[in-house]
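Enquirer: Protein sequence lines correspond, in order, to chains A and B. Be aware that the first sequence starts at 1, since it is given in this note's numbering, and climbs by one per residue. Be aware that the second sequence starts at 1, since it is given in this note's numbering, and climbs by one per residue.
What the hints contain is simulated information worked out from the structure, not anything from laboratory work. Please note that the accuracy of each hint is not assured.
Note: identical chains are not told apart, hence a pair may lie in one copy or across any two.
As the list claims (entries may be wrong) - Simulated crosslink set (DSS-like; lysine-lysine; CA at most 27 Å straight-line):
{"id": "1", "residue 1": "Lys247", "residue 2": "Lys208"}
{"id": "2", "residue 1": "Lys55", "residue 2": "Lys274"}
{"id": "3", "residue 1": "Lys206", "residue 2": "Lys151"}
{"id": "4", "residue 1": "Lys114", "residue 2": "Lys72"}
{"id": "5", "residue 1": "Lys114", "residue 2": "Lys43"}
{"id": "6", "residue 1": "Lys206", "residue 2": "Lys114"}
{"id": "7", "residue 1": "Lys247", "residue 2": "Lys206"}
{"id": "8", "residue 1": "Lys208", "residue 2": "Lys43"}
{"id": "9", "residue 1": "Lys151", "residue 2": "Lys274"}
{"id": "10", "residue 1": "Lys151", "residue 2": "Lys43"}
{"id": "11", "residue 1": "Lys247", "residue 2": "Lys43"}
{"id": "12", "residue 1": "Lys43", "residue 2": "Lys55"}
{"id": "13", "residue 1": "Lys274", "residue 2": "Lys206"}
2 protein chains.
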Amino acid sequence: MSLHPASTQPYIRTVYVVSDGTGITAETFAHSVLAQFEGLRFKHIRLPFIDSVDKAADVAARIDQTFEADGKRPIVFSTLVNSEINTRVRQANGMFLELFSTFVEPIEAELGFKSSHSIGRSHNVANTEQYQNRIEAINFSLAHDDGQYAKGIENADVILVGVSRCGKTPTSLYLAMQYGIKAANVPLIPDDFERDSLPSNILPYKSKLFGLTIQPERLSEVRHERRPDSRYASLEQCRYEVSEAEKLMRREGIRWLSTTTKSIEEISTTVLQKIGLEGRFY
Amino acid sequence: MSLHPASTQPYIRTVYVVSDGTGITAETFAHSVLAQFEGLRFKHIRLPFIDSVDKAADVAARIDQTFEADGKRPIVFSTLVNSEINTRVRQANGMFLELFSTFVEPIEAELGFKSSHSIGRSHNVANTEQYQNRIEAINFSLAHDDGQYAKGIENADVILVGVSRCGKTPTSLYLAMQYGIKAANVPLIPDDFERDSLPSNILPYKSKLFGLTIQPERLSEVRHERRPDSRYASLEQCRYEVSEAEKLMRREGIRWLSTTTKSIEEISTTVLQKIGLEGRFY
Numbered sequence: 001m002s003l004h005p006a007s008t009q010p011y012i013r014t015v016y017v018v019s020d021g022t023g024i025t026a027e028t029f030a031h032s033v034l035a036q037f038e039g040l041r042f043k044h045i046r047l048p049f050i051d052s053v054d055k056a057a058d059v060a061a062r063i064d065q066t067f068e069a070d071g072k073r074p075i076v077f078s079t080l081v082n083s084e085i086n087t088r089v090r091q092a093n094g095m096f097l098e099l100f101s102t103f104v105e106p107i108e109a110e111l112g113f114k115s116s117h118s119i120g121r122s123h124n125v126a127n128t129e130q131y132q133n134r135i136e137a138i139n140f141s142l143a144h145d146d147g148q149y150a151k152g153i154e155n156a157d158v159i160l161v162g163v164s165r166c167g168k169t170p171t172s173l174y175l176a177m178q179y180g181i182k183a184a185n186v187p188l189i190p191d192d193f194e195r196d197s198l199p200s201n202i203l204p205y206k207s208k209l210f211g212l213t214i215q216p217e218r219l220s221e222v223r224h225e226r227r228p229d230s231r232y233a234s235l236e237q238c239r240y241e242v243s244e245a246e247k248l249m250r251r252e253g254i255r256w257l258s259t260t261t262k263s264i265e266e267i268s269t270t271v272l273q274k275i276g277l278e279g280r281f282y
Numbered sequence: 001m002s003l004h005p006a007s008t009q010p011y012i013r014t015v016y017v018v019s020d021g022t023g024i025t026a027e028t029f030a031h032s033v034l035a036q037f038e039g040l041r042f043k044h045i046r047l048p049f050i051d052s053v054d055k056a057a058d059v060a061a062r063i064d065q066t067f068e069a070d071g072k073r074p075i076v077f078s079t080l081v082n083s084e085i086n087t088r089v090r091q092a093n094g095m096f097l098e099l100f101s102t103f104v105e106p107i108e109a110e111l112g113f114k115s116s117h118s119i120g121r122s123h124n125v126a127n128t129e130q131y132q133n134r135i136e137a138i139n140f141s142l143a144h145d146d147g148q149y150a151k152g153i154e155n156a157d158v159i160l161v162g163v164s165r166c167g168k169t170p171t172s173l174y175l176a177m178q179y180g181i182k183a184a185n186v187p188l189i190p191d192d193f194e195r196d197s198l199p200s201n202i203l204p205y206k207s208k209l210f211g212l213t214i215q216p217e218r219l220s221e222v223r224h225e226r227r228p229d230s231r232y233a234s235l236e237q238c239r240y241e242v243s244e245a246e247k248l249m250r251r252e253g254i255r256w257l258s259t260t261t262k263s264i265e266e267i268s269t270t271v272l273q274k275i276g277l278e279g280r281f282y
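Looking at chain A on its own, in the form it has when it is part of the complex (with noise of 0.2 Å):
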């Protein structure tokens, strides 16, 4: 079940990333540091919940394996907050970068405070009111993907808008599930462009609007993968849509911005500047 080939490149060097939570967190932030590294490859491996000496003293004793096997000693991201537990982690012949506490030890200095030193902390806990708002902003979110389900829609906290497969949906999921956000999203289809007006049950709603919009000939691919040689999928089809859906959000006075290049988190990230929903969730 190897779902991403690994790439034939040899690895340069073992990464543990070793968490008494899940480590997630810190595996996001592994990537990003070595992704400073560019055309290394390495290989990662997560060691969650991590939580007592005794799994400690299992995964020291596999840093080590690795350390034998690769002749060279692994990078460990730890974020372990125990120091007893991390002090047996560090027994290991591996290259620590402890992430926590590199940043926790100055900030205690600057705020005059110490911290609770607690484990597993650094992720929503389930049943906070944080979290049950995600949870809600995911079941909202997908209640009224792709236009279904209008009862409700009122709640939404930001309605995307565009052609079919422009991005509305993973958009739409990433914001409720990264912060929370209810988004719905409706597609912009030939029938709008025929009577030359927005969908009539997202009109009471226009300053909830936000367009997504992407390059005919992107669009032509994906839609290609979906529905090889459709009409649907023609560059012709792609050019009529995605300029009728721009005129429309002009003449309408929605913002916009293009996907054809960027990802899930850029397109969310410029959503939330836009509408102005940025910082206001802590």
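Let chain A serve as the given structure and place chain B on it in line with the hints.
Expert: Frame of chain A, contents of chain B only:
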């Protein structure tokens, strides 16, 4: 549009996250670090896409204004890799924590390679194969949510099963979005318990099944939010369904975990560990 009303508790310090990319990784990381200061409230401001010296000057001005207003220097988590931009921002009166360079320099020394110091490399770039896999997985998980659209389910990497509202949908979407895993989900419903058998369409894929379960009391709460005072939400019904689902999973030899007190991230991490997909993605 204040979605999560601010606490009445005053914040102890303003925290900026300054990035040449989206800043999402840095923001998540900053939250993790500051979560170690239990009980203290911070005001978070993310400033993404700071990719020119002009923008850096604006950021510096903003940090200085905050210093004036708060009477305390802001904490600035920064992932600026361009040294000219970074130097300009650092002219402001803040406490600077440089997330990347703190670790990149020791890794350079360890590897004997220089990093590329290139901007905006921390995220998956749109249109790479890995990014396309994520988008494809999101579409797959949506199409195979809640037992719908059985066609193609043989391409799933994992099929989550469990009673209605036990957490299958958010977990499937998270696995797809974060890891590019094609996660289908299929509910176990009273019909299945009466027939005393798994749904027939997933029987051929038993090795891909992973069960989620939940305490009946918690399930009843969750269901009451969706359908207040329904039979569906009654504690009696929840007890019946959970007990039958666990019996079925036990008999069929399906691995499972309880979601009751777990976040999506914790559930997903555990699923990945148990099905052995952990660490296969790099």
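Enquirer: Now look at each hint and say whether the structure bears it out.
Expert: Going down the list of hints, with the structure as the test:
1. Lys247 / Lys208: within (18 Å within a copy, 47 Å between copies)
2. Lys55 / Lys274: For lysine 55 and lysine 274, the Cα distance is within 27 Å only across copies (16 Å; inside one copy 46 Å).
3. Lys206 / Lys151: Answer is within; shortest intra-copy Cα gap is 16 Å, inter-copy 38 Å.
4. Lys114 / Lys72: Between copies only: 18 Å across, 37 Å inside.
5. Lys114 / Lys43: between (36 Å within a copy, 19 Å between copies)
6. Lys206 / Lys114: This pair counts as neither: shortest intra-copy Cα distance 48 Å, inter-copy 50 Å.
7. Lys247 / Lys206: within (16 Å within a copy, 51 Å between copies)
8. Lys208 / Lys43: between (44 Å within a copy, 25 Å between copies)
9. Lys151 / Lys274: Intra 26 Å, inter 39 Å, cutoff 27 Å: intra-copy only.
10. Lys151 / Lys43: neither (48 Å within a copy, 35 Å between copies)
11. Lys247 / Lys43: Neither: 48 Å inside a copy, 40 Å across copies.
12. Lys43 / Lys55: within (21 Å within a copy, 36 Å between copies)
13. Lys274 / Lys206: within (15 Å within a copy, 46 Å between copies)
In summary, the structure is inconsistent with hints 6, 10, 11 from the numbered list given earlier, while agreeing with the others.
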